[in-house]
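Undergrad: Go by the hints and put chain A onto chain Y.
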Amino acid sequence: MSDVAAAKPMTSAGFAAHPAARVLMRRHRLHWWEFIPWLAAIAYYFAFPHYLGFGAELLITVLFALSLDLALGYAGIITLGQAAFFGTGAYAVGMLAYYGIWTEPIGGLVVAALAAAVIGFASGLVLLRTSGLTLLMLTLCVTALLEQGANMARGITGGFDGLNFTIAPVFGRFEFNPLFANTQYLYTLGVLLVCYAFVRTLVYSPFGQSLTGIRENILRMHAIGSPVRRRLIICYTLSAALAGIAGGLSAQTNDYVNLATLSLDRSATVLIVLILGGYGRLYGAFIGAVVYLVLEHFLAQIYPTAWQLGLGLLLVLIALFARNGILGLGETLWRRYGARRGAS
Amino acid sequence: MAPLWGPAWGVMSETRLETQALSRQFGALKAVQGINFKLDAGARHALIGPNGAGKTTFINLLTGVLPPSQGRVLLAGRDITATTQAERVKLGVARTFQINRLFRGLSVLENVCMAITERVGSAGSMFYPAGRRTDVIDEAMELLQTLKLADIARHRVSELPYGRQRLVELAITIALKPEVLLLDEPAAGVPSAESHIILDAVERLPAHIAVLIIEHDMDVVFRFAKRVTVLVSGAIFAEGTPREIEANPQVREVYLGQAGHA
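For the record, the sequence lines run as chains Y and A.
Per our numbering, residue -9 is the first one in the first sequence, and the count goes up by one each step.
Per our numbering, residue 27 is the first one in the second sequence, and the count goes up by one each step.
Looking at chain A on its own, in the form it has when it is part of the complex:
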């Protein structure tokens, strides 16, 4: 299958996203402590760890939802620590949320059009109807078709079952054509019979983009990821290939055993 979009800059195997001694405290709680992390172009990286390990906080720091207490975030070597969430999106960092953040009162198509309109930079235009941008609508429909959502494009998001909403969440993010994609438990809350639709979509992402996925389901992690980072108490506990992580007795103890997988 042809990739949805080609690389915007640089060559493969170059570091896209990097953190240096990244930390975040909430009062006395050290949610994220001194994380040094690298995500290369084309990476398929999983972030795992027990509940409360700081995974979502880490993603929030990467995307600018939260400012770090210490440390830096670099995108392709450029310091983006001080940039806002919206600016980082423009620079090519997009994410999905653990809990859907959708325009619930709007149709599936409108949800995706909203993202495309922002990406192409026409969302500030005031003096022509949005409906005249057939290029935006066509692109959105095409994306919905590849995600098998075209037949429900007209439906309001709030009318859809949760699994489908989750797919819309992914569609909005893919519509931004990111270079770095952060997926926070994309299949969470989705019935297992439907989760494969989401994971198929994730697997069909263009090869050059860097993908970081938070996931609890170890089957998914081992199927999808080439590298795995284990986060415990806000710090990196282990990092390696899925095989190495699976074989690591300490990881089994703190995480895999506890979660009942492996």
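Extracted from the complex, chain Y is given alone in its bound form:
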């Protein structure tokens, strides 16, 4: 136990050399492997020019999963209602465009984020007094209420048929062409990068650390004087805003919004994506989205009627043998391999 520090007596002035302190002081630095997903995304652009629509959908799923990771993976807010915010963002963009009020895309995303944040804040004020199963059910209820609300307000939302609209070009220059999705892909990638930089900054900040504390032991957080509920509400609101941006992107890149954006199905899918990839680790969202969508794509080609069976089996395996998802499994193997290499 007293392996490292015992050999090195410390002075009270500087603990920077202590391994435990060094870990904390360096944790937020960029690692070389963090560039891989982004380089891969750029490589994809050139390698698969005919699949950029699929690529944009994938990037949107990554952003959506990332928003869930902030709430579920970091703060431990158990939710099945993330689609409420995705749908709010999508409808905010869609309705503004459909009624010709606002079609400029970046402003549209800001509105989508704000609309979703308002819903997140308002529902969070009530929901986050609860925890566990109660919380899970209430998040479900919020989604169901919004979905039914959108369904009943057929006159404004288009009901089950949804809304078709046209979004103005990005920066007034780059058009969203349904046949060649270059703009959609690069635009989505840019938005994802900005949102990712935000989330990354957040999780390594003192605020992000306190969210981890809340997940690890909420009672202890109360006992060290942390305003737990305020932190949770802020986190939930930010998570909602990010999900709203994902929904807004989805509406913009498809020129279409319908009730599916608010469905329980979508909440469940994003949860599966995050669990597959590994929650509470930022890049789990990336890996989960890639694995899920690629599996969906290929399994649906091989077994059009029963492709979800393969996905279900994979989920069972992950739940049984890799609690921390694919990324967590990778970390374990890496550590084991690294330990062996270090020993030899």
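It is possible that part of the hints are untrue.
What the hints assert, rightly or not - Some chain Y residues flagged as far from chain A (calculated, every beta-carbon gap over 10 Å): (1) A31; (2) Y34; (3) V101; (4) V108; (5) F111; (6) A134; (7) R163; (8) P168; (9) N172; (10) T173; (11) L254.
Said to hold, decoys possible - A short, non-exhaustive set of chain A residues, derived as facing chain Y with CB atoms under 7 Å: (12) L135; (13) M140; (14) T143; (15) P155; (16) I163; (17) R180.
Calculated from the structure, these hints are not laboratory results.
In this text the structure is predicted, and so the values were computed from the model without any measurement.
For each residue, glycine too, the CB sits at the ideal point set by N, CA and C.
TA: Same frame as chain Y, but now just chain A:
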């Protein structure tokens, strides 16, 4: 040894924490009944009593974990009955728990940093990395060093033996620099060979802070406390110096005899 921190307010021998007719019922059970209690600055006060006497409930009422059914809690003369647990921590009331409440997945250093970050009020900051607060990390390391935990600062709490975890529980609480410290059986579950580490740490606490300790081990009580309150069935049964309590035949009957100590 120099104290870890100096007094934040007031002078010694002033009442820090006070309860007036404090009661708490759970249904028909009167867990705590009409307790009038005072804890002065610099107090070293032990709270003893048989199992189920309401000791932990009393601490929960003092710290705001539970609201009282009746009565008031005052901190330095100010009514804090309606404040939340977190607000009371900010006002200088901190506690340890009978059963560890730690961030088990985080390192020992992270556990202590969490408390310091909250205390200095930077835990809401979103736009700079926590690792840049070297002042927080240095302070945490310094505290861990005084508690002889520096060599395991990097380890995850869940990997530590229970005795060490208990010490981390104490470290987190000390990191809050409280004016009033409530210790709920700090050495419970710790092998007797290790319990002295915890008790040494408790004895080295700054002299000006008020300390209330729940403890079953009478040797510890007599070594540490200057005053002892005996709680039986939720009410104060006796109060006095350790000598007086030891000599009190009724106390021996209800408590000391039963526990097999003295």
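Undergrad: Are the hints correct? Go through all of them and say.
TA: Outcome of the hint check:
no.	hint	verdict
1	A31	25 Å, holds
2	Y34	30 Å, holds
3	V101	22 Å, holds
4	V108	20 Å, holds
5	F111	16 Å, holds
6	A134	32 Å, holds
7	R163	32 Å, holds
8	P168	38 Å, holds
9	N172	33 Å, holds
10	T173	31 Å, holds
11	L254	30 Å, holds
12	L135	4 Å, holds
13	M140	5 Å, holds
14	T143	5 Å, holds
15	P155	4 Å, holds
16	I163	5 Å, holds
17	R180	4 Å, holds
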